[in-house]
Amino acid sequence: GESVGLHLPTLSVQEGDNSIINCAYSNSASDYFIWYKQESGKGPQFIIDIRSNMDKRQGQRVTVLLNKTVKHLSLQIAATQPGDSAVYFCAENAAAGNKLTFGGGTRVLVKP
Amino acid sequence: DTGVSQNPRHKITKRGQNVTFRCDPISEHNRLYWYRQTLGQGPEFLTYFQNEAQLEKSRLLSDRFSAERPKGSFSTLEIQRTEQGDSAMYLCASSLGEMRGYTFGSGTRLTVV
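Respectively, the protein sequence lines represent chains A and B.
Per the numbering used here, residue -7 is the first one in the first sequence, and the count goes up by one each step.
Per the numbering used here, residue 240 is the first one in the second sequence, and the count goes up by one each step.
These are calculated hints, taken from the structure and not from any lab test.
Honestly, I wouldn't trust all of these hints.
As the list claims (entries may be wrong) - Taking lysine-lysine pairs in the DSSO-like style, the calculated list, with each CA pair at most 30 Å apart, reads:
# : chain 1 : residue 1 : chain 2 : residue 2
1 : B       : Lys296    : A       : Lys60
2 : B       : Lys310    : A       : Lys91
3 : A       : Lys34     : B       : Lys253
4 : B       : Lys250    : A       : Lys34
5 : B       : Lys310    : A       : Lys103
6 : B       : Lys250    : A       : Lys103
Work the whole structure out from these sequences, hints included.
Here's what the structure looks like:
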């Protein structure tokens, strides 16, 4: 498959370890945030979302943390698996509009 | 219905030619979005439809680009007089009402030579 991104920050993690991916957002009016996973040759796949009235939300093996004070978002993946290898994007949405603004992405490589 | 479908998956065209891409959203979704993604970057918003009405367009959508959703179901994105800078992945997404987490298709990879 084709590469999603050639010069992305890369996080190498051992299989079974936890991963933490960070994202800084820019718009203080954003009130909804999403993490997407993108594998080579595929479109972004929804992982988890969080609204600005929360600071933490948990899914299956994933946790999103939101710090509105410093406009920072993180995605934690527990017990990282080879299938988690992909590029991860955070995206933000301001209540006034419908478009998502994406961050630059982080490549996660899981070592067996 | 298995998700958002985009055709073709890949398109190679000569500079100056016109191209058209098609997106079939999830059938019950009334909102449809087009994004463009270049290598190493996150997707960038192009335009958005609610049913057949085009409600928002990005400044990225030059006058060579036109998008339609004539019956509120599938959508087409046409690029006229393609330029090498148009080479990118064109992604379509859909959502239902106020649901803000879109479902994306697999995209159309355009290469302009």
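Q. Between Lys310 (chain B) and Lys91 (chain A), is the straight-line Cα distance small enough, at 30 Å or below?
A. holds (22 Å)
Q) Holds or violated: are the alpha carbons of Lys296 (chain B) and Lys60 (chain A) at most 30 Å from each other? A) holds (28 Å)
Q: Sort out whether Lys253 (chain B) lies within 30 Å of Lys34 (chain A), counting only the CA atoms.
A: This hinted pair holds, its Cα atoms lying about 24 Å apart.
Q) Taking only the CA atoms, is the gap from Lys250 (chain B) to Lys103 (chain A) under or equal to 30 Å? A) Since the Cα atoms of Lys250 (chain B) and Lys103 (chain A) sit roughly 34 Å apart, the hinted pair is violated (cutoff 30 Å).
(Q) Given the hinted pair Lys310 (chain B) and Lys103 (chain A), is their Cα-Cα distance within 30 Å? (A) violated (48 Å)
Q. Quick one, are Lys250 (chain B) and Lys34 (chain A) close enough, alpha carbons at most 30 Å?
A. Measuring from Cα to Cα gives roughly 15 Å; hence the hint holds.
The structure is inconsistent with the numbered hints 5, 6, although it conforms to all the rest.
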